[in-house]
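Student: Sequence:
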Amino acid sequence: MKIKGPDTSSMDYKYGIFAKINKPYTPSSQYWTNKQIKMWCGMNDVYYEDTDKRADLIERIKQAGYK
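Numbers given in this note's numbering equal positions in the sequence shown, counted from 1, plus 218.
Keep in mind that the hints were calculated from the coordinates and are not lab data.
These figures come from a predicted structure and were not determined experimentally.
One thing to keep in mind: the hints can contain errors.
As the list claims (entries may be wrong) - Under the rule of at most 20 Å between Cα atoms (straight-line distance), these lysine-lysine pairs were calculated in the PhoX-like manner:
| hint | residue 1 | residue 2 |
| --- | --- | --- |
| 1 | Lys253 | Lys280 |
| 2 | Lys280 | Lys256 |
| 3 | Lys238 | Lys271 |
| 4 | Lys241 | Lys271 |
| 5 | Lys238 | Lys285 |
| 6 | Lys280 | Lys238 |
| 7 | Lys241 | Lys285 |
| 8 | Lys280 | Lys232 |
| 9 | Lys271 | Lys256 |
| 10 | Lys285 | Lys232 |
| 11 | Lys241 | Lys280 |
| 12 | Lys253 | Lys241 |
| 13 | Lys238 | Lys253 |
| 14 | Lys241 | Lys256 |
| 15 | Lys256 | Lys238 |
| 16 | Lys256 | Lys285 |
| 17 | Lys253 | Lys271 |
I would like the entire structure built from these sequences, with the hints used as guidance.
Tutor: Below, the structure written as structure tokens:
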């Protein structure tokens, strides 16, 4: 029997990975670098290219179905 998760159809990219990567940079924040985002993509089987910029990475995560 499969456990049904929460309905994510109404989420607008404010939670999960997007909450982490959308934080503005400050010396005391947990700002994610592009290298960290690429590492997350690699661990979660999200395709990316080495030349991807931050906006490209975010778009690829959205296309992979993450909200």
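Student: Each of the hints needs a verdict: does it hold here or not?
Tutor: Structure-based check of each hint:
1. Lys253 with Lys280: The hint holds at about 18 Å.
2. Lys280 with Lys256: holds (14 Å)
3. Lys238 with Lys271: holds (16 Å)
4. Lys241 with Lys271: holds (16 Å)
5. Lys238 with Lys285: holds (12 Å)
6. Lys280 with Lys238: The given pair, whose Cα atoms are some 14 Å apart, holds under the 20 Å limit.
7. Lys241 with Lys285: Judged against 20 Å, a Cα distance of about 16 Å means the pair holds.
8. Lys280 with Lys232: holds (12 Å)
9. Lys271 with Lys256: holds (10 Å)
10. Lys285 with Lys232: Given that 20 Å is the threshold and the Cα spacing comes to 8 Å, the pair holds.
11. Lys241 with Lys280: Holds. Lysine 241 to lysine 280 sits at ~17 Å (cutoff 20 Å).
12. Lys253 with Lys241: holds (15 Å)
13. Lys238 with Lys253: holds (14 Å)
14. Lys241 with Lys256: holds (16 Å)
15. Lys256 with Lys238: Since the Cα atoms of lysine 256 and lysine 238 sit roughly 13 Å apart, the hinted pair holds (cutoff 20 Å).
16. Lys256 with Lys285: Status holds; Cα separation ~17 Å.
17. Lys253 with Lys271: With Cα atoms ~10 Å apart, lysine 253 and lysine 271 stay inside 20 Å; holds.
The structure fails none of the hints (numbered hints given earlier).
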